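Visitor: Protein chains in written order, with my numbering: chain A, 984 to 1226; chain B, 984 to 1226.
Treat the hints as calculated values from the structure; they're not laboratory data.
Be careful, since some hints might not be right.
As the list claims (entries may be wrong) - Chain B is nowhere near these chain A residues, computed Cβ spacing over 10 Å in every case: (1) H1055; (2) V1123; (3) E1147; (4) F1187; (5) A1211.
Unchecked claim - Straight-line Cα separation of at most 25 Å, DSS-like style, residue types lysine-lysine; simulated pairs: (6) B:K1088 with A:K1079; (7) A:K1176 with B:K1088; (8) A:K1225 with B:K1088; (9) A:K1225 with A:K1176.
These numbers were taken from a predicted model, which means no experiment stands behind them.
Every residue gets a Cβ at the ideal spot worked out from N, C-alpha and C, and that includes glycine.
Number of protein chains: 2
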Amino acid sequence: MRSANCGCSLTTSGPPDDVLIDLIVKEVRTALRSPVADRSATRLTLPSSSAYPTIPLGVSNRHIHLTVTTFHRLFGEGVAFEEMRPLYQPGEFASKHTLTIVGPKLRSIPGVRILGPLRTYDQVEVSLTDAVFLGIDPPVANSGTLSEAAPLTLVGPNGSVYLEQCAIVASRHIHMTNADAAQLGVSDGDLCKVRVAGVKSTVFENVLIRTNNSWRLQMHLDTDDANAANVRDESVVEFLGKM
Amino acid sequence: MRSANCGCSLTTSGPPDDVLIDLIVKEVRTALRSPVADRSATRLTLPSSSAYPTIPLGVSNRHIHLTVTTFHRLFGEGVAFEEMRPLYQPGEFASKHTLTIVGPKLRSIPGVRILGPLRTYDQVEVSLTDAVFLGIDPPVANSGTLSEAAPLTLVGPNGSVYLEQCAIVASRHIHMTNADAAQLGVSDGDLCKVRVAGVKSTVFENVLIRTNNSWRLQMHLDTDDANAANVRDESVVEFLGKM
């Protein structure tokens, strides 16, 4: 666990500093909370008021992908895998099914949703905050790359499985078509930088470009990244270009 | 709560991409895990192999500051406020005392440590991840700036208090002496940028410079920022300069 090592009081700063800081914080928070022009954008937005193109953001909470075999082991042989609601990417959906995940500290996180369709592998995508809580050390990896993934126990209503290599922290990535990529001057596999504006403005590096002509343009950040930048789902990021 | 909105499988990528991605990920992880030359630095390190000065990093877990009045109300009149261990900044310490904090969703976080010395205000510093869990919407603010702080209930062994304005997400900041500031070309109150290298390399903007000649040079990030950048306590950050 992280240690509590911050004695951050500003006991020696005088009133003028406090007033100035209050003003700065207030200004920045007001700016952050004002409507963003491109908030509803669902496609690439080329530079206008901003110096950079903007891309819609999706924040990924912890979630699970399962094979049909593992699904039936956890939920029962006769149980159908059912959709709850579609996701932003065509064909992807949140299922009606959730599991409890348990790590080596024997702490559990309940209600972790299985996303569909069912896959050819079992995978749990967690944030590093989750990993510290659970007591695992997962790699930062792309979905489906499980050679160094961490172990977890998954508990369902019909049984449990211990998966030796299932947990990863998903790499930051952007889904786009080849046409989007051409417009942005990038190719599949490139590593790029994006910026989130605001009071906790942050530049995320090593963002992987993934192209597929069936995808909608969308940046994916996990909850640690999103919370660090104080940004909500359905916002936008600025695309700063290749690393 | 954040929604599970990521259907991030790379089902359409062929083997060549996967091999390449594996190689990239392995290289970057190896680089990340190799010893950092300046890891043990406790003072400003001027450019050598890196193009930028490096600054020691301290990661701040959630913690509490209390007045003597509130401390006695929660722990009992005759109870002494006792030090457990010193912190990095001179005079600051982790106390032996912890509380449970409870938000409006009636979810609680136990074992939140009180840092000393006792203050002239009651304050709870949380991450945005904590805030989402607790169901509060705290401002990003500097320690001691509580005009927009969120409410929480604090529960101790001798009673509880409901504090209308106590919870903040602490601003990113760097403690330094005036000599350090002069060497870095900055002044108290400046907003700067720092970078954390690694597989999740990240540039943190709006980092406040705080100067006091009794302080040791140290950057403070909360656990969301640190986990987003996949960086541990006792690492270093690169100082990129003013915003």
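Visitor: All hints are to be evaluated individually against the structure, with a verdict given for each.
Guide: Do the hints match the structure? See the list:
| no. | hint | verdict |
| --- | --- | --- |
| 1 | H1055 | holds, 20 Å |
| 2 | V1123 | violated, 5 Å |
| 3 | E1147 | holds, 18 Å |
| 4 | F1187 | violated, 6 Å |
| 5 | A1211 | violated, 4 Å |
| 6 | B:K1088 with A:K1079 | holds, 24 Å |
| 7 | A:K1176 with B:K1088 | violated, 36 Å |
| 8 | A:K1225 with B:K1088 | violated, 42 Å |
| 9 | A:K1225 with A:K1176 | holds, 6 Å |
Hints 2, 4, 5, 7, 8, counting from the list given before, are not met by this structure.
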